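Asks: Each chain, written out:
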Amino acid sequence: MTQKFSLNVNGKVQTVEADEDMPLLYALRNDLGLNNPHFGCGLAQCGACTVHVDGKPTRSCVTPLKEVGDRTIVTLAGLGTPDRPHPLQTAYVQEEVPQCAYCINGWIMTAAAFLRDHKKPTDAEIRDALTGLKCRCGTHMAILRAVKRAAAMMG
Amino acid sequence: MTRYEATATFSRRSLLQAGGALVVSIGAPVTFESVLAADNPLVAATKPALTPDQLSSYIAVNADGTISIFFGKMDMGQGLAIAIRQMVAEELDAPFKDTKIFIGDTATSVNQGGASGSTGVQEGGHQMRMAAAEARRVLLEMAANKLGVPADQLTVTDGVVHATNDATKKISYAQLIGGQFFNVHLDWNGKYGNPLYAPGKAQPKDPKDHRIVGQPIPREDIAPKVFAQADFVADIKVPGMVHGRMIRPPVAGAAPVKVDESSIKDIPTAKVVWDKAFLGVVADKEWDAIKAARQLKVEWSQVAPPFPNQAALYDHIRQAPRRKREEGKPVGNVDDAFKSAARVIEAEYEWPFQSHARMGPGCALVEIKDGKVTCWTGTQKAHFVQTGLAATLGVQQDSVRVIWTSGPGSYGRSDADDAAMDAAVLAKAVGKPVRVQYTRDQGTAWDPKAPASIHRASAAIDASGNVLAYDFLSKGFSRIDVDTNGSQPKDTLAGQTLGIDLKSGDGFGLPGDSYGFANKRTAWETIAPLLDRASPLRTSHMRDPVGPQIHFASESFIDEVAAALNADPVEFRLRYVRDPRDIAVIKAAAEKASWQSRPSPRKDQIGDKVSGRGIAYAQRGATRVAVIAEVDVDRSTGKIWARKFTVAHDCGQIINPNGLRHSVENNVVQATSRTLWEEVKFDQNNVTSVDWLTYPILDVTEAPAQIDVVLIDHPEIAPSGAGEASTRPVAAAIANAIFDATGVRIRRVPFSPVNVKSALS
Chain A
15 MTQKFSLNVN GKVQTVEADE DMPLLYALRN DLGLNNPHFG CGLAQCGACT
65 VHVDGKPTRS CVTPLKEVGD RTIVTLAGLG TPDRPHPLQT AYVQEEVPQC
115 AYCINGWIMT AAAFLRDHKK PTDAEIRDAL TGLKCRCGTH MAILRAVKRA
165 AAMMG
Chain B
0 MTRYEATATF SRRSLLQAGG ALVVSIGAPV TFESVLAADN PLVAATKPAL
50 TPDQLSSYIA VNADGTISIF FGKMDMGQGL AIAIRQMVAE ELDAPFKDTK
100 IFIGDTATSV NQGGASGSTG VQEGGHQMRM AAAEARRVLL EMAANKLGVP
150 ADQLTVTDGV VHATNDATKK ISYAQLIGGQ FFNVHLDWNG KYGNPLYAPG
200 KAQPKDPKDH RIVGQPIPRE DIAPKVFAQA DFVADIKVPG MVHGRMIRPP
250 VAGAAPVKVD ESSIKDIPTA KVVWDKAFLG VVADKEWDAI KAARQLKVEW
300 SQVAPPFPNQ AALYDHIRQA PRRKREEGKP VGNVDDAFKS AARVIEAEYE
350 WPFQSHARMG PGCALVEIKD GKVTCWTGTQ KAHFVQTGLA ATLGVQQDSV
400 RVIWTSGPGS YGRSDADDAA MDAAVLAKAV GKPVRVQYTR DQGTAWDPKA
450 PASIHRASAA IDASGNVLAY DFLSKGFSRI DVDTNGSQPK DTLAGQTLGI
500 DLKSGDGFGL PGDSYGFANK RTAWETIAPL LDRASPLRTS HMRDPVGPQI
550 HFASESFIDE VAAALNADPV EFRLRYVRDP RDIAVIKAAA EKASWQSRPS
600 PRKDQIGDKV SGRGIAYAQR GATRVAVIAE VDVDRSTGKI WARKFTVAHD
650 CGQIINPNGL RHSVENNVVQ ATSRTLWEEV KFDQNNVTSV DWLTYPILDV
700 TEAPAQIDVV LIDHPEIAPS GAGEASTRPV AAAIANAIFD ATGVRIRRVP
750 FSPVNVKSAL S
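As given, the protein sequences belong to chains A and B, one line each in that order. For what it's worth, our numbering labels the leading residue of the first sequence as 15, then goes sequentially. For what it's worth, our numbering labels the leading residue of the second sequence as 0, then goes sequentially.
Read the hints as simulated data drawn from the structure, not as lab findings. Keep in mind the model is a prediction, meaning the values are calculated, not measured. By construction, the Cβ of each residue, glycine as well, lies at the ideal position given by its N, Cα and C atoms.
Pairwise CB distance ranges (calculated):
1) A:Ala166 / B:Val343: 55 to 61 Å
2) A:Asp35 / B:Ser300: 31 to 37 Å
3) A:Lys18 / B:Pro94: 50 to 56 Å
4) B:Lys608 / A:Ser20: 53 to 59 Å
Pulled out of the complex, with its shape left as it was, chain B reads as follows:
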């Protein structure tokens, strides 16, 4: 983490220059040894091009022996920066404390996909591990030449290479290359983003030799934030910067037809920027920009109300023509199996639109100066925003630098990318650096949404109570009305308000499980968005995209089948789950929670206050999670308290159990919030969830009393994603616990007191 001084504008500027210089300065103090190394073809005095096929694009050894890591993904507060440093230090046999990481700056890193799909360790870490292993191999080769000892008779201890049988024959990494650059070509697969992969000739270590990986090393970015010394994107300032605010229409889809600039003439420096449906204001002082945005008189075009009544949302989804259908790999013949069923169990589930509703609305700063564009943004994908800014501004990509800076939380494709493009359009229009911060109502009402959906499940049961066939269908809005990054103008509000139509992509998902039913069909279908341009209900990825929706349904339904067959929910799952690691997480959670085998619902409770327990499990990629929820239900109020969770989590090799435990715990609480409270409200004109009263989330008084996390470590299995997986089974675990407590099945999220009370009555 770069540490900024907390004060004025000029220090910010000089520090940014220092930040840029930092990369260069590793070449500064030239040692005797590095002069000797100058003829070595593996070493370059100046940095090779910042391309994925260069080792220097990922790792540098500085003159002081510290190691700089340049990473093209981002740490959204889940401890990824530490995990990557551990993986690199491990492969290099360098002290962890000597590593530094530079994240998400397009000037120092290649496009590894940004924060995306829980791939920080799985893909990003894998690449960094391979690069570090190659760096170690190259350094050993250099040391072998230097020391006259074959590389296979060399050992590395804390960044010093020495003869295995003679510790006096030694040379440090700093002496070998410190202050210069690797000149080593990697075998790049030609891809950017998550699939980028560029190994060298080296193989990484055997996990049994790991000493740094697996340690619970604490995060280092917390103290600066707790002492108010770290900058968030909203805190960045540059000289000459002005403040921008955007103005959104009262009826979604409307465009300004008349803007009365005289209505803000009393506000010093306030200016209007209006082009087609793009409308914003700027002013030198932030408060003036806020006032101008509130005060500006705008006449909007008359458009037909774009949305159905919210009460008709799920009927709309049922009836809307499907735009695309995709099926999972079919097993057996489902239709024939249903014909021979002794009994059929069916259910349908509903999930609303949900908002990222980040702690602070989107914010970005764009400076256009001397033909160069610099953007500070909280986006998850700085490199894609670089492409998007170039397209939006009509400039070359290499003239744009995007510097990722921590934002107010990040759980996917939020309004951060929109803010970056809006700031760029305003900055170009007024010829000054512009900082845009959205308002609260824009942050909640106008961010990209997690899609609403319905899910139908049916099971064919034979005369002996076996599941013959399983059929599962999700139908909903696509999860990618706008793409998961802002690389194309069509995917941002700026592009869409400037006239580029939304081109909604099609994507949803399938349940992740290993139920070995003899006949099985899973499928999804998408429908068109409600509004084809600049819609406050446009969808995109939000933490575990469509995972909570699908598994709320699929794992509630498995529970319904278990209950119909009078089976214990854990025992029933174990009867059909085939994957040994799936079985292990289910068993681990059950054991930790002291699960008592019996069918749901309980029948031993009377009165208004009842309790229950429920389990759900899911795979997410190669990760598996089982969650047991224990809930209290107040029948008189409909209030649910998700009192205790027990989570068993297997993501292969654990890089840092500390960060993992926090991520799991936070995901469970956030998923509980989404399950109990969250629903984007709208009327026919617009989204009406505009703040924390109209988009309530879980309060601390409702936080669980206890979350037990069982981490299952498989050092021999490549690490898979952990940023989102534990979000996935939470809603079903709670629903199943409510059923256990009350005998009532709730099939629509959220389980707010009003909804639960109505379901119970």
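Chain A with its partners taken away, still in its complex shape:
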């Protein structure tokens, strides 16, 4: 049974008609035309689909629409723009982090929430905050450099 859902995504409220069990990921990608985030596993094991729901990093591949309600959703596209980049986006470009870049939603969205709540984190704190996220190309060293660079920018 499909029903209508009002989704507040990147500051815009839009209506989606879908199964209540459909994960948010497919509404974002197919109904709202937001190509990021990505499908990686559908199991909340990798992070490629991560968005912020009320500021909290959330795996949209396992978040059914019925649980979203009127909460605020921010995707990578809503985090910052080339004109007004989030420090992590700036740092990612400066450090040339990605190889394939398919995983970056998970790392950037998770790190953005972490750096918002933790000023001047240690290397170990950053690693712990990002544990579980997957990067298959092996860009971990550059990811850590970028998060540290962004942390410095965010004071």
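Position chain B relative to chain A; hints supplied.
Replies: What follows is chain B alone, placed relative to chain A:
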């Protein structure tokens, strides 16, 4: 990189048309000068045929003076696009920023082999360099006629040709040919793929004159991805597109015998596509396709369990009849030397099946419309997929266009090519464009695998502790059960499920080193695949195909011999390594890591937490890499932390040190993951590694603290591959460091905590 708008379907379509038009539009604004050039036989108003023997197939000067580069290889995120632009801009003496590159679209480039064997710069770049040099020569000839100045008295500065002694006598590339096409024949060697070579009459520049090559120019494809503005293959949509999902059997080798379509009748638009063992579903909405694939009731044929118990895998390899054997060039007489040995050292090593396990499973979109087939795919080899689609669909190759689009990582022959063929079969069956995306379990369990293998090494030592003879044998599954590209239906799951049997090729490899033992024999042997059709354990190329396997063994063994002779591992290698560039990387790594000369293992540590260091080195083609690993071992848990790596890397001329450094670093981390964690698990029925819990990879908490990379530049030596070489010595460097720390030799990958703890106890 073509930049797409992030929104709707129609903009996608119009942009694709714009992408096609871009190539045509270079002819649009006709300048006065280009009209004058119209009579020139070196210039064509319409584009000559897209064949390897035409200069226009590689390079065009646009009316605005920008230079379009058409490249038949692909950049899988290692910065190749920038490197090629640097090589072309260099030869043309054109500003780097004025170059644009179009990659891996069969409509705009010739088959240069795709991403393959780290040949992007070595082969692909070489060809582009030769083409650019020829373009410059032709442009100078045209300018000489125009300016009335002999070509040898002309200079090019930023795309403007001028008299060397009179800068006012000048004409730009744009004025000479902008908006039109080179009509210049190249001396093509008649080959496609990696060996394609088509030079002109020009010689490339002397490397000492290089200004753009060698610069650390940053990648330009990163920002669009970081700002969610770039499309991956999974993001492409076309009007009328439906979603497909494939269904794989619970027991590998089984085929559907009964498919109950009524089991999905409650799902709107869901349809079954079933032909022999090919089984998929399509639906208008992606979520409906996913539900249908989960819900469809299928009865499968009864087949005997195809696989041995995993515990018996290496015994199977030992006992299986060899299908093919190949030997390296023999040195001396190994058998006689062993007879005179004072002492023989022997060891055997084991490496499991490994999965590409890309960040996202395979995905492709195929549209069949008005007799034309268009495919968007993350394959490494778009031109070969074009051939494969033509064969799979029974159409002419020239009616198929394949557009490579970034995928979720790419390290060889992954499931990307399978997805393209599955999408094509579904699209033909339902008469609509079909986007197929595999599920996570299919991406891990059903992708082509890096082969499992065993490796036996023995050394004959004389009474004075010299190595008299060395004997090394790899035996394993071939690295090419399915070929490294999808050009033939037999090499894809679609072809195999539609009834074409797998015809496994034979290939493995030999150690790459320059140890000058007086008697030396290296060999490999392959065995038959476990299942001859649509197997989840079919093998193909994965980053540095069989390199990690072979050099884990060969470089662990060299360390074992050094330890047996109570020699320092660096000093022992330098005693036998003959190639000066090999010696240089070993020395450079040792120096950078402040290597202290002493034999392994250390004997000064007590308690559970111990540390060690190890070195390994390898050649890969003309590239050499030495890696020093420093590891911490927790004896109580078996947990390894590969804390620090020092890498010395020599791939001849460095085109872009920035891209190279990133590639090396990423390869080391990925290889560490493969060494410490990765093993495809299976039971007798099927592969049981189906996600990130059952196929764990390195976590960020386990990433090294430091990777130091020493790049050795040889501008005078042609660049060789760098995409994979640094993967090769990592496993042995870690194993050797674990031995140094603990005195225990681990001869089976992966070095997971369970395996290490069991080895230590």
